[in-house]
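Let the sequences and hints guide you as you build the complete structure.
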Amino acid sequence: MNSQFELIKSSGGIDEYRLKSNGLRVLMLQDLSTPVATFMVTYHVGSRNEAIGYTGSTHLLEHLMFKGSRNYNKENGTAIWDELQSIGAQINATTWNDRTNYFEVVPSEHIEKAISIEADRMRFSFLRDEDRQPEMTVVRNEYERGENSPFDVLDKNIWATAYQAHPYHHSTIGWRSDIENVSTERLKEFYDVYYWPNNATATIIGDFQKDTTLSLIAKYFGEHKKSDHEIPKVYTEEPLQEGPRRIVVKRSGQSGITAVAHKTPPGLDVDMYVFQVLGKILCDGKSSRLYKKIVDQGLATSLFMYDFPFKDNGLFITYAFLTPDTDNQKVEDIILKEYNDIISNGVEDSEIMRAVAQIRASVAFSRDGSYAVASALNEAIAIGDWQFYTSYVEKIELVSAKDIKRVASKYLTEDQSTVGWFIPKNKTK
Amino acid sequence: MKFKKLVTKEEPIKGLTSYVIPTKVKDVVTISGSMLGGILYSDKENPKISSLVSAMLDKGTQKNSKYELSNKLESIGAEISFISSNRHINFTAHCLKPDLELVVELISEQLRSPIFPDDELDLLKKRMIGNLEISKDNTKKQSYINFIRKVYPNNHYNYRSTIEESIQSISLVTEKDLKSFHEKTFGLGSLNIAAAGDISNIQFQDFIKKYFDSWNDQNINSLDSAIPANNRTQAIENKNIDDKTSSDVYIGQSVDVTEDSDDYRNLMMGIYILGGNFSARLMQSVRDEEGLTYGIGSTITGCGYGTTGHWYTWGTFSPNLVEKGIRSTLSVIDKWFAKGVTERELAAKKTTLNGSFQVSLDTTSGLIDKILTNAEKGRNISYLDNYTNKINVLNKDEINRAIKTYLDPKKFITSIAGTKI
Chain Y
843 MNSQFELIKS
853 SGGIDEYRLK
863 SNGLRVLMLQ
873 DLSTPVATFM
883 VTYHVGSRNE
893 AIGYTGSTHL
903 LEHLMFKGSR
913 NYNKENGTAI
923 WDELQSIGAQ
933 INATTWNDRT
943 NYFEVVPSEH
953 IEKAISIEAD
963 RMRFSFLRDE
973 DRQPEMTVVR
983 NEYERGENSP
993 FDVLDKNIWA
1003 TAYQAHPYHH
1013 STIGWRSDIE
1023 NVSTERLKEF
1033 YDVYYWPNNA
1043 TATIIGDFQK
1053 DTTLSLIAKY
1063 FGEHKKSDHE
1073 IPKVYTEEPL
1083 QEGPRRIVVK
1093 RSGQSGITAV
1103 AHKTPPGLDV
1113 DMYVFQVLGK
1123 ILCDGKSSRL
1133 YKKIVDQGLA
1143 TSLFMYDFPF
1153 KDNGLFITYA
1163 FLTPDTDNQK
1173 VEDIILKEYN
1183 DIISNGVEDS
1193 EIMRAVAQIR
1203 ASVAFSRDGS
1213 YAVASALNEA
1223 IAIGDWQFYT
1233 SYVEKIELVS
1243 AKDIKRVASK
1253 YLTEDQSTVG
1263 WFIPKNKTK
Chain H
204 MKFKKLVTKE
214 EPIKGLTSYV
224 IPTKVKDVVT
234 ISGSMLGGIL
244 YSDKENPKIS
254 SLVSAMLDKG
264 TQKNSKYELS
274 NKLESIGAEI
284 SFISSNRHIN
294 FTAHCLKPDL
304 ELVVELISEQ
314 LRSPIFPDDE
324 LDLLKKRMIG
334 NLEISKDNTK
344 KQSYINFIRK
354 VYPNNHYNYR
364 STIEESIQSI
374 SLVTEKDLKS
384 FHEKTFGLGS
394 LNIAAAGDIS
404 NIQFQDFIKK
414 YFDSWNDQNI
424 NSLDSAIPAN
434 NRTQAIENKN
444 IDDKTSSDVY
454 IGQSVDVTED
464 SDDYRNLMMG
474 IYILGGNFSA
484 RLMQSVRDEE
494 GLTYGIGSTI
504 TGCGYGTTGH
514 WYTWGTFSPN
524 LVEKGIRSTL
534 SVIDKWFAKG
544 VTERELAAKK
554 TTLNGSFQVS
564 LDTTSGLIDK
574 ILTNAEKGRN
584 ISYLDNYTNK
594 INVLNKDEIN
604 RAIKTYLDPK
614 KFITSIAGTK
624 I
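If you're matching them up, the sequences are chains Y and H in order.
Counting from 843, one number per residue, gives the positions in the first sequence under this note's numbering.
Counting from 204, one number per residue, gives the positions in the second sequence under this note's numbering.
Treat the hints as calculated values from the structure; they're not laboratory data.
Some hints could be false.
Computed footprint of chain H on chain Y, listed as stretches where at least three residues anywhere in the stretch have a Cβ under 8 angstroms from a Cβ of chain H [unchecked claim]:
hint, segment
1, 875 to 883
2, 943 to 949
3, 1182 to 1188
4, 1199 to 1213
Taking lysine-lysine pairs in the BS3-like style, the calculated list, with each CA pair at most 30 angstroms apart, reads [unchecked claim]:
hint, chain 1, residue 1, chain 2, residue 2
5, Y, LYS1134, Y, LYS1179
6, Y, LYS1030, Y, LYS1052
7, Y, LYS916, Y, LYS955
8, H, LYS212, H, LYS614
9, Y, LYS1134, H, LYS266
10, Y, LYS1237, H, LYS275
11, H, LYS229, Y, LYS1237
12, H, LYS613, H, LYS527
13, H, LYS614, H, LYS442
14, H, LYS344, Y, LYS1128
15, H, LYS580, Y, LYS1135
16, H, LYS538, H, LYS613
17, Y, LYS1134, H, LYS339
18, Y, LYS1092, H, LYS613
Sample of chain H residues at the chain Y side, in silico, Cβ under 8 angstroms [unchecked claim]:
hint, residue
19, LYS266
20, LEU426
21, TYR467
22, THR519
23, THR567
As the structure is a computational prediction, the values presented were derived from the model and not from experiment.
Think of the CB as a built atom: it goes at the ideal place given N, C-alpha and C, for glycine as much as any other residue.
Dropping the structure here:
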């Protein structure tokens, strides 16, 4: 093995290495099925690391990271998009609460190009004010597109109501006035605080040769030193919620939305696995409890719930997209009644077996293709333990009916709830 | 990789062609299939019949109720979905390797013996109408429908109904309509099934024979494709939708070209250079340099099965930047039309398309999608192996000639949907 790296651990076919010189973590999963590989760099910084005045900065910075760096820029004819798209790569970046990731899905023979570009922009991105000006309006249009959707608007409002002190209060895209006014200097400061090899994980999945690839990673990322400062920790904790909260959004639209949210523990808490199973029992598939009671009764066109595991506490939210003329209150009552039924009576073992089978299969489906694997692994990296990905099914299989009753009783209480309604007005003819 | 070597094509039953591609993915099998009977095969009086038939296939069969079907699938974590595209009834399934037989059995059962319960039809109609009501507020959908209705006459295959017309059609569909359509359309004849993943061809053939044998034959005629688009005239459509912070804009026109012609690929490449990806001209200029939009691109579509299609540019703009955005977009298009594409652009986009093709095969869904689409269009598997050659022989002069031949910037249709300011 390349002596510049040390092997830290292995799990589920994935090997974790550490580049000794600067602390860059590297995850590798070889799969020679097709001549394609995904290279991804995950920075352990997201909108969770922002505050008032610069909400949305992590995301705006992500956009500026495509505007050029020392070796890859328009001026010398090597713009990042041109370099990667000209070889047929799928390329993009995403930002969320706890992380920012940059990825390239490339024909295997072009892995070096992806590594070289990511290493270059890790420390040598231009971040020029003349680039921020037009990119700000691009991001503002992204924000505006999101605001077109009643769901997006309601979802933002629910998080902002449920979380008052913790930075999950604001959405990743940020508030409009912050997007418009944050300075380039503030973005540079953000970059210089968080974009370091010791605050990043490089992941490579698919068709590659291990030794060669480790050498390439050492060659390109090895030129960066470790940050000379400690990466700041987020210390803000959400105070205890002491009563139910409600939020109503009224806008032009055609149909209402009812959402019921409850606070959940951090992603690595063992109770999160229980929530994952409970979510399936309530909302996943035509046999699920709420589908039968809401969609099958013609009260909603569709229904879904999410309970993404985040680094800190999250939300367990059920959304019902109402059919025209359905009353928000009626659907809210049905959802809460079902929660209360689970608190009082628990669930059947057969429901758990079905939910576990659904999760087991969906995990297998999500390993179809190198990007799918990288994407799922990215979220595990974000919450603080990449082995969350490799041990997920095993932990899910341990969930019992007793666990579900306990977790529902503990978390799905009225005082921990935030209910959101979207009420349409001025229907379009 | 060569498709011809990877794919096993067989006709285990007359009127059913199977394509099997074993890959190294562990435990997972993806299945996709289709047969003629899509939206265009609905009765002329009601274009929604095919869509409702597809959506009702999981609502109960002669053997199993709706809940028995969903229970069987959900207890193994498998998924089966049916949908009508323009020409085909399509189905897709994902399952784990040990559950393949059950999934093939359930696909067959739902295709062969649905019962279309009246109460389920009423419920489905209510939900579909609800979704359509919601889409009245969708700026992208409204803009596209208005654009398409200017491009084509109402008997053209690429024409789209208004949302109100769709609601009216759905409300009129009866159980009898569904049963009649199913009886005269569903069966062997044009059925293609492709499966990829952790799968053995021999085993899959056994399942296909077991569950599809003795299904009735259907001899469905191909559609007459030679319907012309509307005469081109410059037009602007403007739809106001309140409280929207971003507007959707389509600019384009009909193109008198079909996928089978050499000029299709010339035009496709020219339009790809204009707006096929981030490094194409529209994104570079309107987004990257001017910051007017989050996304803008252009494509050519609707040219399959001998039908002539259209090209369009689509972008989103803040309501107060719509006019500026359209001016900027037209300026890029005008320059592209007048001066054509360059050798450098063509060389870059050739490698882009060839590389993208390779990358798209990274998943079982990507593989199957290519193979099934190829089969639906009646092409041999070797067509996929020759794809890169067809791209590599394109040349700049022919592309620029095709752009001049098939496009007319004086007769663009512009459709805007959003909040007027």
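These are the hints, each one checked on the structure:
By the rule of at least three residues with a Cβ nearer than 8 angstroms to a Cβ of chain H, the coverage given for the segment 875 to 883 of chain Y holds, with 4 such residues. Under the rule that three or more residues need a Cβ within less than 8 angstroms of chain H, the assignment of the segment 943 to 949 of chain Y holds, with 3 such residues. Evaluation of the coverage hint for the segment 1182 to 1188 of chain Y: breached, as 0 residues show C-beta separations to chain H shorter than 8 angstroms, against a requirement of three. Only residues whose C-beta sits within less than 8 angstroms of a C-beta in chain H count toward coverage, and the segment 1199 to 1213 of chain Y has 13 of them, enough to reach three; the restraint holds.
Our distance criterion of 30 angstroms between C-alpha atoms is met by Y:LYS1134 and Y:LYS1179, whose separation comes to about 14 angstroms. Taking the CA atoms of Y:LYS1030 and Y:LYS1052, the gap is about 34 angstroms. The hint is violated against a cut of 30 angstroms. For the proposed pair Y:LYS916 and Y:LYS955, the alpha carbon gap of about 16 angstroms is at most 30 angstroms, so the pair holds. For the proposed pair H:LYS212 and H:LYS614, the alpha carbon gap of about 46 angstroms is over 30 angstroms, so the pair is violated.
Only pairs whose Cα atoms come within 30 angstroms are accepted, and Y:LYS1134 paired with H:LYS266 is accepted, the gap being roughly 21 angstroms. With a CA separation close to 24 angstroms, the supplied pair Y:LYS1237 and H:LYS275 stays within the 30 angstroms bound. For a cut-off of 30 angstroms, the pair hint linking H:LYS229 to Y:LYS1237 stands: about 20 angstroms separates their Cα positions. About 19 angstroms separates the Cα atoms of H:LYS613 and H:LYS527, which keeps this hinted pair within 30 angstroms; it holds.
Pair hint H:LYS614 plus H:LYS442 holds up; C-alpha atoms about 20 angstroms apart against a cutoff of 30 angstroms. Simply put, H:LYS344 and Y:LYS1128 have alpha-carbon atoms about 28 angstroms apart, close enough for the 30 angstroms limit, and the pair holds. For the proposed pair H:LYS580 and Y:LYS1135, the alpha carbon gap of about 43 angstroms is over 30 angstroms, so the pair is violated. Between H:LYS538 and H:LYS613 the CA atoms are separated by roughly 13 angstroms; this keeps the pair inside 30 angstroms, and the hint holds.
This hinted pair checks out: Y:LYS1134 and H:LYS339 have alpha carbons roughly 27 angstroms apart, not beyond 30 angstroms. At roughly 42 angstroms between alpha-carbon atoms, Y:LYS1092 and H:LYS613 are farther apart than 30 angstroms, so this suggested pair is violated. Because the smallest distance between the Cβ of H:LYS266 and any Cβ of chain Y comes to about 17 angstroms, over 8 angstroms, the interface hint for this residue is violated. Checking H:LEU426 against chain Y by beta carbon gives a least distance of about 31 angstroms; that is not within 8 angstroms, so the hint is violated.
Violation of the interface hint for H:TYR467 is found here, the shortest Cβ-Cβ separation to chain Y being roughly 21 angstroms, above the 8 angstroms cut-off. Proximity of H:THR519 to chain Y holds as hinted, the smallest CB-CB distance being about 6 angstroms (cut-off 8 angstroms). Residue-level restraint check for H:THR567 holds (minimum Cβ-Cβ distance to chain Y is 5 angstroms; threshold 8 angstroms).
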